[in-house]
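So the protein lines, in turn, are chains A and B. The working numbering runs 1 ahead of the 1-based position in the first sequence. The working numbering runs 246 ahead of the 1-based position in the second sequence.
Since the hints were made in silico from the structure, they are not lab data. Worth double-checking, as some hints may not be accurate.
As the list claims (entries may be wrong) - Pair by pair, the computed Cβ-Cβ distance ranges are:
{"hint": "1", "chain 1": "A", "residue 1": "S13", "chain 2": "B", "residue 2": "I258", "range": "46 to 54 Å"}
{"hint": "2", "chain 1": "B", "residue 1": "C259", "chain 2": "A", "residue 2": "A73", "range": "27 to 35 Å"}
{"hint": "3", "chain 1": "B", "residue 1": "T328", "chain 2": "A", "residue 2": "T61", "range": "30 to 38 Å"}
{"hint": "4", "chain 1": "B", "residue 1": "L358", "chain 2": "A", "residue 2": "S31", "range": "43 to 51 Å"}
What the hints assert, rightly or not - From the derived model, a few chain B residues whose C-beta atoms are all more than 10 Å from chain A:
{"hint": "5", "residue": "K260"}
{"hint": "6", "residue": "R270"}
{"hint": "7", "residue": "K287"}
{"hint": "8", "residue": "L320"}
We put the beta carbon where it would ideally sit given N, CA and C, even for glycine.
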Amino acid sequence: AQTVTQSQPEMSVQEAETVTLSCTYDTSESDYYLFWYKQPPSRQMILVIRQEAYKQQNATENRFSVNFQKAAKSFSLKISDSQLGDAAMYFCAYRHTWNTGNQFYFGTGTSLTVIP
Amino acid sequence: GAVVSQHPSRVICKSGTSVKIECRSLDFQATTMFWYRQFPKQSLMLMATSNEGSKATYEQGVEKDKFLINHASLTLSTLTVTSAHPEDSSFYICSATSSPETQYFGPGTRLLVL
Chain A
2 AQTVTQSQPE
12 MSVQEAETVT
22 LSCTYDTSES
32 DYYLFWYKQP
42 PSRQMILVIR
52 QEAYKQQNAT
62 ENRFSVNFQK
72 AAKSFSLKIS
82 DSQLGDAAMY
92 FCAYRHTWNT
102 GNQFYFGTGT
112 SLTVIP
Chain B
247 GAVVSQHPSR
257 VICKSGTSVK
267 IECRSLDFQA
277 TTMFWYRQFP
287 KQSLMLMATS
297 NEGSKATYEQ
307 GVEKDKFLIN
317 HASLTLSTLT
327 VTSAHPEDSS
337 FYICSATSSP
347 ETQYFGPGTR
357 LLVL
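Using the sequences and the hints given, assemble the complete structure.
Quick look at the structure:
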């Protein structure tokens, strides 16, 4: 089974600074998708960013960007100019492209605190 | 777009009763819906995968007779917790896919069984 590892249970960042959340995964596939989801205190899961494994270019969404290292099976999330609203649990997730069941594999999460 | 709703958002019930949770995709047709359970400060645990018009596929260790899933249409899936007990108290989240790549999540349902 695929595994997704987030080695940082908790992280903190000063407001307006940059923070990087780590994620590694294990797979024997060459085509897959990777995601970062945010879960604020409301517990609503929100898609932050998505990366297709066949794309070499790192995905970006405004202040959020990823560093996708396919050979190293690493998928880190960088949050620039951190804001108080960024405080949340962040989950890294993996999905096969061929899996018609669409099952996602989630990491254990990283709790991000933003310090004013 | 890609909004998923859940109802109710919070429910308290007595032990032994059944509780139904609805998951709806509001602005898209979802061929597949998922049901997760999340304990405090933990990750999401997939319970079952639900495809419209067919039986749900349950993950290992999830009792299908206890957690009944019905996916009656492309926009509605329901999870019924039968004969609920205090250990079933948890946060239940559904998600739906409109495209193969991404899951969109509902806001979750907090179940408390007394």
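Hints versus structure:
| no. | hint | result |
| --- | --- | --- |
| 1 | A/S13 - B/I258: 46 to 54 Å | violated, 35 Å |
| 2 | B/C259 - A/A73: 27 to 35 Å | violated, 48 Å |
| 3 | B/T328 - A/T61: 30 to 38 Å | violated, 46 Å |
| 4 | B/L358 - A/S31: 43 to 51 Å | holds, 45 Å |
| 5 | K260 | holds, 24 Å |
| 6 | R270 | holds, 15 Å |
| 7 | K287 | violated, 8 Å |
| 8 | L320 | holds, 15 Å |
Of the hints listed earlier, those the structure fails to meet are numbers 1, 2, 3 and 7, in rising order.
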